[in-house]
Each structure stands twice: as C-alpha cells, then as structure tokens.
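Sequence lines, in order, name chains A and B. Mapping the first sequence onto the UniProt record's numbering, position 345 (from 1) lands on 345, and the numbers just tick up by one. Mapping the second sequence onto the UniProt record's numbering, position 46 (from 1) lands on 46, and the numbers just tick up by one.
Just so you know, these hints were derived from the structure itself, not from any lab.
Below, a list of computed lysine to any residue pairs in the SDA-like style, where the Cα atoms sit at most 25 Å apart:
no., chain 1, residue 1, chain 2, residue 2
1, B, K2, A, L348
2, A, K373, A, N302
3, A, K261, A, D391
4, A, K373, B, G9
5, A, K373, B, Y59
6, B, K70, A, D376
7, A, K399, A, I330
As a plain string of letters, each chain reads:
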Amino acid sequence: MRFFEYEAREIVKRAGIPVTDYGFTTDAAEAKTIAERIGGPTVIKSQVLTGGRMKAGGVKFADTPEEASQHAADILELEINGHWPRGVLVDPKAEVKQEYYAGVVWDGTAKKPLMLFSDMGGIDIEQVAEEHPDHVGRGHFSPLQPFSDYQAKQVIAAAGVTGKALQRATPILARLARLFLENDMLLAEINPLAELHDGTFVALDAHMEMEDEGMVRQKGLIKALGIAPEEGTREGHTPTPFEEAVKAIDAADHRGVIQGKDTGFHGNIGLVIGAGGGSLTLTDAVRQQGGKPANYSEIGGNPSVAKACGLAKEVLNKDGVEKIAVMMSIVSNTRVDIVARGVIKACLELGKDPGETIAIFRIPGAWEEEGFKILDKYGIEYCDRSVSLWDAAGRAVAKIQGEAA
Amino acid sequence: MKKDAIFIGVEVADSVASDPAVGAKLDEVCPVNIFKGTDAGVDIVEQNIDECVLCKLCYDVSPGNVTITKLYDDGAAL
Numbered sequence: 001m002r003f004f005e006y007e008a009r010e011i012v013k014r015a016g017i018p019v020t021d022y023g024f025t026t027d028a029a030e031a032k033t034i035a036e037r038i039g040g041p042t043v044i045k046s047q048v049l050t051g052g053r054m055k056a057g058g059v060k061f062a063d064t065p066e067e068a069s070q071h072a073a074d075i076l077e078l079e080i081n082g083h084w085p086r087g088v089l090v091d092p093k094a095e096v097k098q099e100y101y102a103g104v105v106w107d108g109t110a111k112k113p114l115m116l117f118s119d120m121g122g123i124d125i126e127q128v129a130e131e132h133p134d135h136v137g138r139g140h141f142s143p144l145q146p147f148s149d150y151q152a153k154q155v156i157a158a159a160g161v162t163g164k165a166l167q168r169a170t171p172i173l174a175r176l177a178r179l180f181l182e183n184d185m186l187l188a189e190i191n192p193l194a195e196l197h198d199g200t201f202v203a204l205d206a207h208m209e210m211e212d213e214g215m216v217r218q219k220g221l222i223k224a225l226g227i228a229p230e231e232g233t234r235e236g237h238t239p240t241p242f243e244e245a246v247k248a249i250d251a252a253d254h255r256g257v258i259q260g261k262d263t264g265f266h267g268n269i270g271l272v273i274g275a276g277g278g279s280l281t282l283t284d285a286v287r288q289q290g291g292k293p294a295n296y297s298e299i300g301g302n303p304s305v306a307k308a309c310g311l312a313k314e315v316l317n318k319d320g321v322e323k324i325a326v327m328m329s330i331v332s333n334t335r336v337d338i339v340a341r342g343v344i345k346a347c348l349e350l351g352k353d354p355g356e357t358i359a360i361f362r363i364p365g366a367w368e369e370e371g372f373k374i375l376d377k378y379g380i381e382y383c384d385r386s387v388s389l390w391d392a393a394g395r396a397v398a399k400i401q402g403e404a405a
Numbered sequence: 001m002k003k004d005a006i007f008i009g010v011e012v013a014d015s016v017a018s019d020p021a022v023g024a025k026l027d028e029v030c031p032v033n034i035f036k037g038t039d040a041g042v043d044i045v046e047q048n049i050d051e052c053v054l055c056k057l058c059y060d061v062s063p064g065n066v067t068i069t070k071l072y073d074d075g076a077a078l
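Construct all of the structure, not just a fragment, from the sequences and the given hints.
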C-alpha cells in the first residue's frame with residue numbers, strides 16, 4: 001500500500017522523527033491560512049502518488065500567503081502523469097545546511113530489512129549509489145531480534161558522517177528502522193533529511209509503502225490517517241483487462257490461487273506457470289533463452305479445473321499469443337492431472353488443438369501419472385522432473401520462436 | 001443415468017438414481033459438487049463433472065451403483 005507524502009510525514013512524526021510545521025489542505029484559501037500560520041516563505045507541493053512533481057510544476061515556492069494560495073489553486077488543477085492531486089502540502093521553506101538520505105527497504109534477496117544512509121540527499125538514492133557508492137552506508141538488521149541504535153550508527157558512519165551530525169542522525173535512522181518493523185513497511189524513506197544551520201535534523205519529505213498483507217494488522221494506523229477502506233492498496237498502476245479478468249476468475253472460486261500480470265509484457269509466449277518460486281525462475285529462464293513472455297502468472301494451491309482453464313483462456317486470448325507453455329517446479333499440493341485438464345479444456349473451448357497450442361507441459365509432482373495419460377491422449381509434449389526448468393523453458397522458446405521465424 | 005464431460009464420465013445406476021436418500025448422500029460426500037440431491041433422487045451437475053478428483057467417495061455411498069470413467073484413458077472405470 002502506498003501513502004501520500006502528507007500521510008508519510010504523519011507516520012514519520014508519530015515515530016518521533018522531527019518534521020516541519022507543515023499543513024495539508026484541499027482548499028486554496030486554507031493554504032493561505034496555513035502559510036500565514038507558518039509565517040515565512042513556503043513550499044507548496046502537490047500530493048500525488050507519482051514521481052516527477054517538480055518537473056511537472058507540482059512543487060512551487062511562495063514568499064507570501066497570497067502567493068501560496070495562488071500556487072495551491074494552480075497545483076490543485078494540475079494533473080501529473082495521469083494523477084489528480086489529493087490536495088497540497090504547505091511546508092515552511094527550510095534553510096538547509098546539508099541534505100541527507102535515510103531509508104529502510106525490504107531486501108527480498110537477503111530476506112531482511114536494509115538500512116541506507118547517505119550524506120548526498122535530495123536526489124535519487126539509486127543515482128548516488130551508482131555514481132558515489134562511497135557516500136552510501138548500508139546495513140541489514142533482523143526483523144526478529146531487538147534493534148539497537150548502534151546498528152543505525154554504523155550505517156551512518158559508513159557513509160562518512162562523523163561528529164555531531166552522526167550523533168543527531170543516529171536516533172532518526174533508528175526510529176525509521178523501528179517504524180519500518182512496527183508498521184509492516186516495505187519502504188520507509190526520508191529524502192531529504194535536512195540538517196539545519198542550528199545543527200538540528202528535520203524530515204523534509206517522506207515516502208512510505210506498506211506490505212499489502214500488513215494492512216489488516218495496521219488497520220489502526222490506516223484509520224488514524226483518515227484513509228477509507230475502499231481506497232485499497234492504491235496500486236501503482238491501473239490493472240489491465242487481463243489482470244482484472246484473472247483477478248475475477250480467482251475471486252470467483254476458492255480453490256487454489258491464480259495471479260496474472262501483463263503490464264510491460266509484449267511477447268508471444270503465453271505463460272501458465274507457478275509453484276514454489278517457479279514463476280519467477282521460469283520467466284527469467286524464458287527471457288534468458290531469447291523468449292518473449294506475453295505475461296507473468298502464478299498458479300498453485302491446487303486450483304480447480306475451472307480456475308486453471310480460466311487462466312489459460314485469458315492467456316491464450318491475449319494479442320499475439322499462439323501457444324502457451326505450462327510449466328511449474330515440482331508440485332506437491334497442486335494436482336498435475338487437474339491442471340492438465342484445465343489447460344486442455346481452455347484450448348478446446350477456444351477451438352484450438354491442445355497438441356498444437358501447448359508448446360510444453362512440465363509439471364512434475366502429485367498425480368503426474370494421471371496427468372501424463374491426459375496429455376498423451378491430446379498429443380501434448382510433456383516432460384517430467386528429469387528435465388530441468390531451464391531446459392523445459394528452452395524447449396518452449398525453441399518451439400514458439402522456431403515457428404514464428 | 002449417465003453423463004459425460006470432456007475428461008470424466010459419471011453413471012448412476014437407475015436402481016438408485018431415483019432414491020432421494022442416496023441422492024442426498026452423494027450430494028453430501030462429493031467434494032466438487034457433481035451430484036445434487038433432489039426430492040426425486042439425484043441430478044448430475046454437468047459443469048462440475050470434469051472437476052472430479054477421483055476420490056471414490058461416491059463409490060462408498062452405494063457400492064456398485066456409481067461409476068466414474070476416465071474418458072482420457074479409453075473409458076477406464078475408476
């Protein structure tokens with residue numbers, strides 16, 4: 001789940017991290033009132049769940065409350081990358097001595113949270129990491145063991161920060177790490193974290209993303225932020241018709257689980273794949289062998305014939321897809337014969353020859369002998385666990401690309 | 001009473017197909033709702049036939065009177 005900046009700032013504030021005396025509003029007149037309360041130059045920032053605000057004119061500086069009001073009116077009417085603003089944030093224009101970056105992100109490879117700190121804030125951390133790796137401190141920490149401020153201190157020191165700045169930044173990164181754990185975050189970022197001329201630190205911008213599955217546990221926080229339940233996870237993109245259709249098929253039948261994504265996929269190989277990390281592995285294998293997937297999918301948990309059929313039909317109905325590859329890692333709780341029935345049924349219902357349409361079927365595991373009888377009946381090429389995922393993907397690519405050539 | 005789908009065929013002997021007690025029991029035991037018990041006995045729900053998981057629970061309800069055939073295996077009985 002994603003949060004607007006004004007919500008992320010509130011989360012940061014609740015964690016005890018200093019923030020500016022900002023105000024959020026959906027009304028230009030109120031923006032003036034907030035600016036009057038602040039009593040000095042302000043920054044008016046569009047509240048949208050997309051990047052590129054500054055470039056699009058969604059961030060403006062004002063010297064007077066009247067100017068702040070005018071900027072707020074303009075920004076409230078400004079669409080950015082297809083997003084209309086939720087409102088505007090009116091922020092004091094801080095006199096900054098130095099900008100830093102403080103972040104905590106879930107490292108899916110290490111399966112641990114990763115703290116990041118840099119003395120080059122205000123720009124993308126990815127850019128800093130690439131161009132100035134010595135200015136980025138990193139450190140994993142356990143989500144299970146008690147967290148020590150010293151771990152945060154080590155990360156900040158690794159970025160070359162010393163002295164009072166190190167002492168003052170340490171509790172901020174430590175609080176950010178605890179906030180990350182306590183609120184089921186995937187990303188908790190303060191950028192820039194500003195050091196003011198008096199040596200104090202303050203968060204000037206914040207970015208938070210919560211694990212979708214954590215939303216149930218975090219109902220209290222979500223409610224306190226005034227977020228309506230119907231807002232859901234605020235997905236970063238509008239689901240495609242394929243994604244909507246697969247989601248509906250999954251929701252209509254409690255047996256098994258299917259997921260389908262096709263945003264960013266434009267290939268000709270339909271993938272009906274899954275099982276224990278098999279989807280990612282197989283998608284990578286297809287790509288690395290020169291194949292062009294038309295979609296990504298996940299199927300497992302012993303789906304019904306209807307559910308497997310529904311997914312296969314949606315994949316086959318995608319533009320440019322002539323064949324599908326049905327592949328999984330070794331399955332124990334998903335029946336091979338049931339999936340075989342589902343994908344064959346999809347072909348038959350679409351008037352396609354299963355033997356021609358299914359490039360390869362590689363699902364070893366529960367009830368595979370029964371499944372292989374079905375595949376034999378329809379003349380489908382299949383293989384058992386003696387053929388690796390890599391080789392199965394290669395055979396599918398060769399078959400599909402070969403015919404396309 | 002006999003109905004075939006794509007992969008599975010289901011047959012309920014006429015002698016028990018009109019028995020509401022057998023129909024109710026078949027309805028109760030089938031995990032994928034192939035049978036629907038009625039006042040007149042039992043109906044076979046065509047759209048669910050291919051969902052059969054070959055569990056044989058229906059065989060135990062009225063031994064010898066229910067037959068599941070695997071149409072993909074030359075009509076072999078379960």
